[in-house]
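Sequences and hints are given; from them, build the entire structure.
So the sequence lines, in the order shown, correspond to chains L and R.
Quick note: the first sequence, position 289, residue 289 per this note's numbering, numbers continuous.
Quick note: the second sequence, position 92, residue 92 per this note's numbering, numbers continuous.
Among these hints, one or two may not hold up.
[As the list claims (entries may be wrong)] Computed from the model, here is a short list of chain R residues facing chain L with C-beta under 7 Å:
hint	residue
1	S3
2	R7
3	I10
4	Q13
5	L14
6	E28
7	L32
8	I157
9	V158
10	Q161
11	A165
12	E181
For the record, the hints were derived by calculation from the structure and aren't laboratory data.
Each residue gets a CB set at the ideal place from its N, CA and C atoms; glycine is no exception.
If you want the building blocks of each chain, they are given just below.
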Amino acid sequence: MNPFKFHSWVLAAVLVSFLAGCVTHESRPLPQILAKPATAQIPESQLLDVGVQLFDPNIPTDEKEREKAGISADVRKAEARFMPNKLRETLESTGQWGQVRVVPPESDAMDVRIAGKILKSTGSVLHLEITVTDATGRQWLDKTYQSVADVRSYKDGNMTPRDPFQNVYSTIANDILAAREKMAAADLESIHRVAELRFASSLAPYAFKDYLSNDKQGQYRVVRLPAQEDPLYERMERLRERDYALVDTLNEHYSVFAGNMSESYNSWRKYSYNEIEAQDEAKRTALTRKLLGAAAIIGGVLAASKSSTYAGDVIGTAAVIGGVYIAKSGFDKGAEVKLHADSLKQLTDSFQSEVQPMVVDVEGRTLQLKDSAEEQYHEWRRLLKELYENETGLPVVQTPAAAPPAAPAAPNSGG
Amino acid sequence: MTSGERRAEIDRQLDASLGVFDGRLRREQEVLAQQRGGGGGGVGPATTESGAGSANGAGAQGKAGGNAGGGGQSGNMPGGQGNGQGSSSGKTGSGQSDGQGDSQGGASGGQSGGASRGAGQGAGQSGGQGGSMGGGTQQGGGGRAPSDVPDGHDDDIVARQIREAAMKETDPELRDKLWQEYKDYKKNSKG
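What follows is the structure, encoded as structure tokens:
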């Protein structure tokens, strides 16, 4: 046998053994992205209120698809409430905005509305689709964000860990800010006025719909403003305060919910991150060992048969035995993959059983609150109509498709 | 009733309605304040069961229960992991081989090219047979599998590699050794 070829096989077998034991994968801490804080006071007329809608949990209806993607419906529902809260905290922390509130999905009460969809969420990665529009209907942003987890957040002993995906929330906040900074002061002031008039129009369209117009792009514009002493508009401002109070209360529910699930959610993400990383690592190692083991077996057989010396036979046989051993260790690693998958499922089941009642609870409470508020809004619409008729002497012709006010308008929402 | 009296009457009704609304929100805020205040106390003595059991309850208890569940969860996680490791060992074979399907395909493709070249040099008869190693039981550069060799339908990735090497081998002595290694490996892997 060609001695070079023979030695190549032996060398390969040794290398295989070495590589099979040394395949590693290391995650590193990410550079931290910070949300840009305000450096100067923003005029109140330009200070926009932001509503972060509950995210779309994006749960596949097909159970097999859910299983394949490792999605737990209850965990996703919880995340659809938790993540908007993180984004709210991030936006609030910058001082760049007025009130920032988490609101039900159908709510358009605020000056700026953020909608999100969870594309992928594990302890290891987060993919979000974010859309931002303002009260005039102008779209600010429509973008997909993705990041791997910052492993520093999973370190033991970190008492107040930064969210492992805080970079995503900070980047979203900075992008929204960049969009706002491109706009003229007059546009920002207009957004606030349009939001107020849209609210008024939703409760008393017969009195306020003519104050707004829609342009070709479907964007609202202020045509004229109500008189300061307009009795209907005076009362409307009182109702607007209540609407804000309702939004505040709903926001508080979501905030309490996020606080409640935070500790166990962080634990779940941390342990599931470990399992996902270990599973990926085991997959890579298992495949490598199997392929290299097979190569060593074949090489050993070839080397032994071509060798004309006893030593060559021994080395060839040793390579075969070593190859079998390496291949076997590859299958043992393969068993580890399954084991990590099982552990991951158990972790998710455990967290799901804990968070599911919390989701039911917050859904029930917010739904009850919105139902109750909707009754009040119905009465306010009736009283405003009577007031309008009394003031103008004109009968109101009811239009069937009056847009309802923001937060309490859709009692069937998932809030 | 005059217009002014009518307006006053409407305002009175509106004030009453706003009062009802304010009262409702105030009660809600009180509940939320209790939940925020009482939540911390629920963490200590908690178990996972208490979290689940209290969740459908109303008011502050639901919150305390939820937090309690959080405390239980932290302790429960590593336990769950341990159980998973213990219970899942020994039944990994089928799951793993399914998971490796793509990789095997890639490896086979690489080997297939080698088979065609080897066949051309050796027996000069393989022609388009190079791609047939996936089935593995008919033609290759070195000939067909011996009759005492099991068919390769349940080969794992290692067995398949050895089988392919044997199929390609043109040296009869070496081919026999590879087939023997293949049979030994199959026998041991089943055991």
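Okay, the hints, checked on the actual structure:
no.: 1; hint: S3; result: 6 Å, holds
no.: 2; hint: R7; result: 6 Å, holds
no.: 3; hint: I10; result: 5 Å, holds
no.: 4; hint: Q13; result: 6 Å, holds
no.: 5; hint: L14; result: 5 Å, holds
no.: 6; hint: E28; result: 5 Å, holds
no.: 7; hint: L32; result: 5 Å, holds
no.: 8; hint: I157; result: 5 Å, holds
no.: 9; hint: V158; result: 4 Å, holds
no.: 10; hint: Q161; result: 3 Å, holds
no.: 11; hint: A165; result: 4 Å, holds
no.: 12; hint: E181; result: 5 Å, holds
Checked against the numbered hints given earlier, the structure satisfies every one of them.
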